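Turn these sequences into a full structure, and let the hints guide you.
Residue numbers (this note's numbering), protein chains in the order written: chain V, 1 to 110; chain H, 1 to 737; chain A, 1 to 508; chain R, 1 to 172.
Think of the hints as simulated: they come from the structure by calculation, not from any bench. Predicted, not measured: the structure shown is a model, and the values here were computed from it. Where hints are given, some of them may not hold.
Computed list of lysine-lysine pairs in DSS-like fashion (alpha-carbon distance at most 27 Å, straight line) [said to hold, decoys possible]:
#1 27(H) x 458(A)
#2 159(H) x 387(A)
#3 710(H) x 25(V)
#4 458(A) x 159(H)
#5 143(R) x 6(R)
#6 387(A) x 458(A)
#7 159(H) x 27(H)
#8 529(H) x 190(H)
#9 27(H) x 387(A)
With the C-beta cut set under 10 Å, the calculated list includes, among others, these residues of chain A facing chain H [as the list claims (entries may be wrong)]:
#10 47
#11 240
#12 243
#13 400
C-beta: ideal position from N, C-alpha, C; glycine also.
The chain contents come next:
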Amino acid sequence: MSLQHYLVISSILFSLGIFAVLTRKNAISILMGIELILNSCNLNFVAFSRFVTPAETIVGSEVFRFDGQIIAIFGIVLAAAEAAVFLAIILAIYREFGSIRPDEVDTLKG
Amino acid sequence: MVVPLISIILLAPLAAFTLFAVLGLAKRNFPRQDYLSTFAMLVALGCSLLLIQEVTSDPTPLTVEWLSLGSVNFSMGFYLDSVTVIMLIVVTLVSSLVHIFSIGYMHGDPRYPRFFAFLSLFSFSMLFLVVSDNLLGIYIGWELVGLCSYLLIGFWFEKDTAANACKKAFLTTRVGDVGMFIGMMMLFAKFGTLSLHDGTESGIFTLVEGLSGTGDMVWLSVAGILIFCGAVGKSAQVPLHTWLPDAMEGPTPVSALIHAATMVAAGVYLVARMFPILTPTSSLVIAYVGGITALVAATIAIVRFDIKRVLAYSTISQLGYMMLAIGAGSYVAGLFHLTTHAFFKALLFLGSGSVIHAFHAMHAHHDDAEHPEDTAHEHDDNSLVHEHGAEIPPDQDMRNMGGLRHKMPLTFITMLIATLSISGVPFVFSGFWSKDKILGGVLGRAMEWSSVHHYILFGMALLAAGITAFYMFRLIFMTFFGEPRNQEMHDMAHESPWVMVVPLIVLAALSFPVVNTIWFNKDNFKPPKQPHIHAPQHAYVSPDSKIGDANFGFSLFGVSTAQAAEEDAGPDTAHADDAHHIHHLAHNIAMVLSICVAGLGILLSWLFYHRRRFSAEGVATTFRPVYNLFWNKYYFDEFYDGVLVALTVWKSRLFAKFDLSFIDGIVNGVGKVTRDVLSAFIGFFDNRVVDGFVNRVAEVTWAAGGRIRKIQTGAIQTYLFVVLGGIVLIILIFRLF
Amino acid sequence: MLLSLMIFVPLLGMIVVLLLPRESEELIKRATLAFTLVPLLLGIYLFISYNNPNLEHLWKANAPWIDAFNINYHIGIDGLSVTLLLLTALLGPICVLASWRNIEKGLKAYMGLFLLLETGMLGFFAALDLFLFFVFFELTLLPMYFLIGVWGGPRREYAAIKFFLYTLFGSVLMLVAMIAVYLNSNVINGVAEGVRTFDIPTLITLAGTTGHALADSTFQMWVFLGFFIGFAVKVPIFPFHTWLPDAHVEAPTAISVILAGVLLKMGTYGIVRINMAMFPEGLAIFTNGVGIVGNSLALLGFINIVYGSFCALAQTDFKKLVAYSSIGHMGFVILGLAAGNSAGINGAILQMFNHGVISAMLFLLVGVLYDRAHHREINGFGGLATKMPVYTGITTLAFMASLGLPGLSGFVGEALSLLGAFQEFELITILSTIGIVVGAAYFLWTLQRVFLGQLNPKYEDLPEINRREILTLVPLGILTIVLGIWPNFALDMFSESVTNLVNVLDAI
Amino acid sequence: MEFTLKTFIFYGFALITIASALAVVTVRNIVHAAFALMVTLFGVAGLYVFLQADFLAATQVIVYVGGILVLILFGVMMTSGRLEMRIHIERGQLLLGGGISLALLMLLLTVIANTPIWKNLTDDGTQLAPTTERIGQLILNEKFLLPFEVVSVLLLVALIGAALISRKEVRD
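This is the structure we're talking about:
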């Protein structure tokens, strides 16, 4: 269970997320892909914090290594915010276009 | 004492106007604006009279820094000498009387308060012009009176003729003003100041003495002539005189105040003020312009039928006289004539106003029955008589008048006095003395210098004097004598109310020489030095200094005689005696000649228009070309066409379409040339070339954008493909190479 | 601190206004008015308390901003900037009042953008760091683009884009010149040492140091040109002026007022602050009076005056006429600046201020008429003086001030510019006086066609100017009269700074 | 490496995570995909436990599974109705997307394999103290206070914004 294990898992999750974002024809599936990507990032943060960041020593010689964990908490918060806004946008798009297929929503087409 | 007095003189009328303006913003009127303005003027008049005692004190009682730019400073201040005081009294006196007259004349006008407010503003501006001690201040007042003239000529702006006339007046005078401004710039560039005399020896009058040499003289002559350009515009001298007859579209009190007595005389005042900087060349130019104006305007006046236009041309002619006087060096004579003329010409205008009012009230009454909503100043189109494109309102057409002396005895008597005065009837009328002074001064200069120019000028002046007598009596005979030509109008005519007649009587009293004497017998009233005018052989002696020495009781108002001559002549008494003798002789000759000429003019007028011994129409037919010459305002058209044809040959056909003369339309003409051709071309250039280039650039960008935009599919996943594919590629490339 | 407050209060106002609910329009308008009144009060305070014996910039603030390039938030005022700051701050509330009733859509966004614009303008006049100066210069561009492009007339997009592109074109040259100055700011005798700087006072000192790269006259000439074209577009100087009539015609009234009143002054202010003060040697090449190049600046002024005036004469659209008259009047500024002597520069700066006030009045007046009649065709009116005496009176005042009637402020600036210019360029100045006559011609002709003559029956019941509109015009009218009678009131502010500048110029 | 129960469980979690993630991106039915995502999130939470991030693991479960996933399911219900439950996939897009994803994966793996300092960073078995208290101190009392406040404002803004965007437009 070295750092590299976690990194491999995380990069697989990342690639799968990218794959979902690129190929799925449903906006909610894309959102799921994005969630996968965010999870892979968080996993990276926590893993690096566990293995790489220097130790913070407190009286009583307990060792804490978790600056990365706090970043991951912020990441989760961000994911929640992002999901809320994303779904709101999807709802608005759905009302406007009657569909949430990303290839049908192309008002920006030049 | 001096500064507070002058301040009151300036501030009283300004306050009256300010009240009107401030209330106007709140959309209200002060109900008794007329009394307020009149009162303000009377206060100013009182202060002006008090100032007579102060003339001998410091000429620049107040100088304040107006603009300080570090190295360059402009100051403003008061300049108080005898000329200032005379002008102050003339302006405040005539203005007060016109105010009083207007209370009757303008009664019932829908914009009655505004009229008085404008009169107050005008009075302020004119007084400011008069008391300024520097060219910038004079220029400020100068333009402000122009503005007031604009506002008052266009007072009845519903009439298109009035709207045109006010615009023409402003623009024509502005052409002259620009010349004046260039002259000021030249003086400023040379001297670094615009103060005339600031008490510290650095005013223009002091600095100008330091100039020497031919180059400086040419330069100074040009500057002097350019400054004179302002006077040409404002005093309606040839060739910028055409606005003044048109300005008669304004209410008659305005014509009396602005276009006869004060504003147009400001040009004369300016030239008199700038007397010390005049060189022989610029003096001669001024004299010739004045002489030509006097003659030309007088001859045009002979054939006019509009009573106000006769007076307008007469004014132009008399202003030319004054210019001629000052140009010929007769400084005091010019200013003396300015004063006397102000009174009798104001009187003539107010008298004509009284006559017009008499008809006018009838007219208004007539119209009221049918169109109660019409203002009193709208005229019935059918009854308009056409005079060279301009329409003569029936109540101003002398052919509708006649026999009014019984209907309006007071108006008749006062106008007769003024006419006698302007015609130069000897001894008891002020006009005779002032005119004679001019004639004598010019002839004296001619004899003294043996100058052909001045002999010619004298001839012009003499001829103009005769013609003046002729047409003025023509006016009197046509208006007040003979049988009524238009019985209906005659029946309705009546004497004007007292509020209008009293000013007439006062002015009539002022047309007698005794009154003028009060100001012109001061010892200190003498011409300033002209450092750059030197007589060909003699030391320079001002022609004025000899006037009082004539035999016929001149000492009544003569500038103290031999004493002044000696002062001017300095130590070189031998020459002074020579000059003295010559001027003495000249004045005697001039007086005899002027009496003869005036008598001849009156006699002819009497024969033509009263006894009808000769028929004016018959003479007109016999001398058709001459008559046409006068009727078409001296064929100035042809003259101007001839000068400008080289510049605008292709434009001349367009001018022919308007059978108007170029001189009448010089402002309109220049405006049209620029509008039709130059502006059109510039507009074309602007739209096509300059703007076109900009649009081309934009079009190219637009077209390129049209191609490129196809890339934008709008599908978000496509973008992601490209982005991610790009990232992979970039990383691969970097790893491979 | 006060100065920063003055600059950024409108920005704060923008945030507050954007937070207000869209429906409460009255509240939005009042809030905007309040947020524009604060800079005005501060501006008046600065103006009154301004006292500058040592010719230094006052009310300075200097804080590091972008350390990597030695860019500082450096602001301060001298007499020139305090005058223009006051003008800007004065026009702020007036424009808000002028927009009170005639903005029909997106009021909130309009007011927000307007406040942003005001921050940009105020900052521009106070900036003492070249980079900051440029940032504020560009900051005005964006709101202006939207204000014209969204709230303008029928051809608003065209006008807005034209305005944007023109100014951007100038800005690019300016940016190049600015970077050139920055890169050379530490080169002495060909050796680069020390840190580079954008600081304007420092750069002015360096440009006067013998042997410094900035003092090289060839370098100065090119950099001068770069900045000059950038500013010339803004002034606008022929042939960069065609955006102006379009922008003015399409822009809403208040925006025209700002455009003519302040934005044009940014160009001339830049010319004084950067071109003249920093590159006197470059300036001398174009004003030393030999040949066409040596007279070029004066010639441009002359062309502006005559060309603008003649174009104005040909217009039948009221607003376009005023726009072209602006071009003509800015020509006097250029002419006065070209003279480079005390009277000329003082006159030019005074003319800047006066033109700001007078043209603001003129555009407000056009707006008043347009709000009532819904067209601006000069020939379509006639005889309005009968129905609207107060409006006519104020218009006459504004026209007279604009055509340079003595006693009103327009005259003093014009006269001083001409007096100054005459000492350097006699012929050009004499020819420029044609502009005075033509100026009188088109204004009087307009006055006649719109106000005099018989009343056009179409406008029988045109309402008179109302109180709010009078309120917007009265302060400007009073300024016009006061400055006409007592110009020292403004001149005292900057004449010493100008003397300083003239000494620098004379030394070349 | 010693093959203990612990490693076994670790690999189990890893496998579950990856397999369910694969399901998320491949199954046609969107509701199935959502449930697969839930499993993935649990898997990741498990991995957090292995990293001795106990607080984070709990947060992951609560926020993701309890919040975001529910949100997604609501989204599914509100937008797709009955008809759009199935996910369309085009073949060309699938291949291209798969290619790019694989390429990215390969790149990442190469980087992971070739970075020397990441090698040999194994779990030394140090037992860490429970993190919750310390995280609480850090977030609410010490150096992360300001970011925490900022992020809460952000969350608030996002919620208000989401509510604003998604409500029915009131036409004037």
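Status of the hints after comparison with the structure:
Pair hint residue 27(H) plus residue 458(A) holds up; C-alpha atoms about 23 Å apart against a cutoff of 27 Å. For the hint linking residue 159(H) to residue 387(A), the alpha-carbon distance of about 15 Å falls within 27 Å, and the restraint holds. Distance check on the hinted pair: residue 710(H) and residue 25(V) sit about 23 Å apart at the alpha-carbon level, within 27 Å; holds. A distance of roughly 18 Å separates the Cα atoms of residue 458(A) and residue 159(H); the hinted pair therefore holds under the 27 Å criterion.
Annotation: proposed proximity of residue 143(R) to residue 6(R) is violated, straight-line Cα distance about 35 Å (limit 27 Å). Pair hint residue 387(A) plus residue 458(A) holds up; C-alpha atoms about 12 Å apart against a cutoff of 27 Å. Between residue 159(H) and residue 27(H) the alpha-carbon distance is near 24 Å, which keeps this suggested pair within the 27 Å criterion. Of the pairs offered as hints, the one joining residue 529(H) and residue 190(H) holds, with about 20 Å between alpha carbons and a cut-off of 27 Å not exceeded.
As the CA atoms of residue 27(H) and residue 387(A) are separated by approximately 12 Å, the hinted pair is consistent with the 27 Å bound. The closest approach between the C-beta of residue 47(A) and any C-beta of chain H is roughly 18 Å, which is over the 10 Å cut-off, so the hint fails. For residue 240(A), the suggested interface contact is upheld, since its CB lies about 9 Å from the closest CB of chain H, less than 10 Å. At about 8 Å, the closest approach between the beta carbon of residue 243(A) and any beta carbon in chain H falls short of 10 Å, and the interface hint on this residue holds.
Interface restraint check for residue 400(A): the shortest CB-CB distance to chain H comes to about 6 Å, inside 10 Å, so the restraint holds.
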